[in-house]
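Undergrad: Here's the letter readout for the chains.
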Amino acid sequence: MAQLKISKIIVTLLMGLLSLVFLSPLLWMLSAASKIEKDVMKFPVQWIPTDWNLINNFQTVWYGKVPFGHYYMNSIKIALITTALTLVFSSMAGFSFAKMKFRYKNVVFFMLLTFFMIPAESTLVPRYVLIKWLGLYNTHAALIVMTAFSIPLTFLMRQFMLGINQEFIEAGKIDGAGLFRIYWQIVLPMAKPILATAGILKFMWSWNDYQNPLIFLVDSKLYTVPLGIQSFQGMYSTSYAAIMMAAVSAILPLLLVFIILQKQVIKGIAVGGVKG
Amino acid sequence: MQGNSQSRISLPKSDSLKKKYWTGSRKETLLGWLFIAPETIGIVVLGAFPLLFSLYLSFTDWDLVSGLKGINYVGFDNYIQLFQESKFYITLKNNLLYTAATVPLSIIIALVIAVVIHSVLYFKGYFKVVFFIPYIATTVAVAAVFSVLFHPSQGVINNLLMSFGIMDPPKWLGSTDFALWSIIIIAVWQVIGYNVVIYLAGLTAIPDDLYEAAEIDGANKWKQFTRITVPMLGTTTFFLTITSVINSFKVFDLVAFLTGGGPRNATNVLVYYLYEEGFQKFRMGYAATLSWVLFIVIGIITLLTVRMQRNQY
Numbered sequence: 446m447a448q449l450k451i452s453k454i455i456v457t458l459l460m461g462l463l464s465l466v467f468l469s470p471l472l473w474m475l476s477a478a479s480k481i482e483k484d485v486m487k488f489p490v491q492w493i494p495t496d497w498n499l500i501n502n503f504q505t506v507w508y509g510k511v512p513f514g515h516y517y518m519n520s521i522k523i524a525l526i527t528t529a530l531t532l533v534f535s536s537m538a539g540f541s542f543a544k545m546k547f548r549y550k551n552v553v554f555f556m557l558l559t560f561f562m563i564p565a566e567s568t569l570v571p572r573y574v575l576i577k578w579l580g581l582y583n584t585h586a587a588l589i590v591m592t593a594f595s596i597p598l599t600f601l602m603r604q605f606m607l608g609i610n611q612e613f614i615e616a617g618k619i620d621g622a623g624l625f626r627i628y629w630q631i632v633l634p635m636a637k638p639i640l641a642t643a644g645i646l647k648f649m650w651s652w653n654d655y656q657n658p659l660i661f662l663v664d665s666k667l668y669t670v671p672l673g674i675q676s677f678q679g680m681y682s683t684s685y686a687a688i689m690m691a692a693v694s695a696i697l698p699l700l701l702v703f704i705i706l707q708k709q710v711i712k713g714i715a716v717g718g719v720k721g
Numbered sequence: 037m038q039g040n041s042q043s044r045i046s047l048p049k050s051d052s053l054k055k056k057y058w059t060g061s062r063k064e065t066l067l068g069w070l071f072i073a074p075e076t077i078g079i080v081v082l083g084a085f086p087l088l089f090s091l092y093l094s095f096t097d098w099d100l101v102s103g104l105k106g107i108n109y110v111g112f113d114n115y116i117q118l119f120q121e122s123k124f125y126i127t128l129k130n131n132l133l134y135t136a137a138t139v140p141l142s143i144i145i146a147l148v149i150a151v152v153i154h155s156v157l158y159f160k161g162y163f164k165v166v167f168f169i170p171y172i173a174t175t176v177a178v179a180a181v182f183s184v185l186f187h188p189s190q191g192v193i194n195n196l197l198m199s200f201g202i203m204d205p206p207k208w209l210g211s212t213d214f215a216l217w218s219i220i221i222i223a224v225w226q227v228i229g230y231n232v233v234i235y236l237a238g239l240t241a242i243p244d245d246l247y248e249a250a251e252i253d254g255a256n257k258w259k260q261f262t263r264i265t266v267p268m269l270g271t272t273t274f275f276l277t278i279t280s281v282i283n284s285f286k287v288f289d290l291v292a293f294l295t296g297g298g299p300r301n302a303t304n305v306l307v308y309y310l311y312e313e314g315f316q317k318f319r320m321g322y323a324a325t326l327s328w329v330l331f332i333v334i335g336i337i338t339l340l341t342v343r344m345q346r347n348q349y
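Residue numbers (the numbering used here), protein chains in the order written: chain A, 446 to 721; chain B, 37 to 349.
You may find that some hints are simply not true.
Covered by chain B, according to a simulated footprint, are these stretches of chain A (three or more residues, beta-carbon under 8 Å) [what the hints assert, rightly or not]:
| id | stretch |
| --- | --- |
| 1 | 513-520 |
| 2 | 541-547 |
| 3 | 603-611 |
| 4 | 671-678 |
Honestly, the hints are just simulated from the structure, not real lab data.
Heads up, the beta-carbon is just placed ideally off N, CA and C, and yes, glycines get one too.
Work out the full structure, taking the sequences as your base and the hints as a guide.
TA: Structure below.
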C-alpha cells in the first residue's frame, strides 16, 4: 500500500510539472506583460521580471492610442445582452419542449435537431445580405441578433427541465397558476444551476467571438476586444510587452469568472458536450 | 394527458358547462407554440433560410456592389469554376491536413491526460481546471501570444530549439512548410482541455468492478487500458471525433489573425477562402458556392461517421 501511494505521489508531481509546461505560454504572457521591452525576448526566459514595468504597460494598453477600455465596454455590453436574450429564448423553448404538451412539438424539435447541423460559416454570405437589408450592418445589434439564438443551449435547457418533477407543475396548475407563471415562478428558480452554466458558456463564446465582429463591424468605435487586440498589434507591432498586456486584459476577466464558477462550466460541458 | 385532466378539474363548474373555447389543452397548445416561437423563428430566419438563400446565390454572379439588380443567373458556372480553381484544391488539401493532424492529436493526448488524472492523481480538481484554461482563453489573444513565441529569430521556441542544438530551426508562421503546423500546434493546445473534460465524464461512468475483475485475472495496467478503458470510452471517442472533425472544417480565427492564409496560401483553409472571396473581393455568388461546398463536406463527413459507427456494432 505504501508503495502504491509513493507511485501516486510521483505521478502527481510529474503531471504537475507537465501542467506547468502546458500552461507555460500563458505564464510567459503574464511575465512578459510585466516586463520592460528589452527583457521580453531575453533567453533563458526571466519568469520573474527583474525590472518591473507592469504599470507602464498597463497604461500603454488602457490609456494609449488604442481606446482599449472602450472596446472592453463594447464587448461587455454585447456579451451581457446576448447572454440575457439567449437565456430567455432557450429556457422558454426548453421549458416548452420538456414540459408542455401540444401537437407537432416533436416535429419542431426534430427540425431544430436537423438545423443544428448547419455550420454558421455556411450562412455568412446570406446573413451579411440580410443584416445589410435590415439596416443593421455595422451595429452591435447585428451581432446580438445573430448570436442570441443557440440550439445547443436549448437542448441543454430541455435536458435539465425534463428532470424537473412533473408534480411541481401540476401543483402550480391546481393552485390556478397559468403556464407562464409556472415557468417564471416555479421552473426558472429550479433551473438556476443550468441557467448559470448556460450563461457563462454564452458569455464566453460572445466575448471570444472574432469572426462575426470582423465581418459585421467596420467602424473602429464599435470594435470588440478581439478586434481591439488586432488593431493594437497593428499599431504596436514590436512592443511585445504591451501586446502581452493587451492579451492578458482580454483573457484575465474570463479566467477569473471561470475559476470562481468552474464547477458549473465543467459540468455544463461534460453533460451537454456543448461547444460554441 | 395528466396535465389536461388536472387543469380541467381546477376550472369552476359553471365554466365547464358553457364549454369554453379556451380549454386547458387549447391554452397549453397556444402557449407551447408561443414559448418555442422566439427561438425557432430566430433559428429559421438566421440559419435555415440563409442556407437556402446561399444555395440560390451560388447560381448567380452577384458581386454585392451592383445591388439587387445585379443578380444574374449563371447556372453551374460558379461550381464549374470552383472545381477548376487550383486555389480551391490548395485550401481543401490544407484543411484535410489540418483535420488529419488536429483530430487524432487532440483526442489521443486528451485521452492519456484524462486517464492519468482519473486513475492515479491527487488534486484532480486542480488538474481539470489547469488543462481547461487554454480552451476558455480568447483565441485571438492566444494567437497574439504564440505569434511572439514563434518569432523566427528571437522567439522562445526557437531559442529553446537552438539551445538543444538545432541550429537551423523552422521559421514557423513565416515558412510555407511550417505555418500550417504552427496553427495546428496552437489549435491542439487550445482544445485538449475540452476533450479532457468530456473524457473524464466518460471515465466516471465505467464501473470499478471491471477493473477489479481484470486485476484478479492478472491483467496489467496496459491491458486494462486497452481492453477496458478504451472500448468503454467508445461512444465518448465517437462523439469527440465527430465534433472535432466538424470543427476542423470551421477553422478560421487563427488563420485570419495570424497568417491571413499565407505565406503563399500555405495556411489558406475553406472558411478563410470563403471569407476572402465574399468579404474582401465581394464575389457573393462565388462565396455562396463555397458555403454550400463547406456545408456538403461537413454533412457527408457527419453521415459517414454515423454510418461507420453503426457498422461497428
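Undergrad: None of the hints should be skipped; say for each whether it holds.
TA: To see whether the hints hold, each was checked on the structure:
no. : hint    : in the structure
1   : 513-520 : violated (count 0)
2   : 541-547 : holds (count 5)
3   : 603-611 : violated (count 1)
4   : 671-678 : holds (count 4)
In this structure, the earlier hints numbered 1 and 3 are contradicted, and the remaining ones agree with it.
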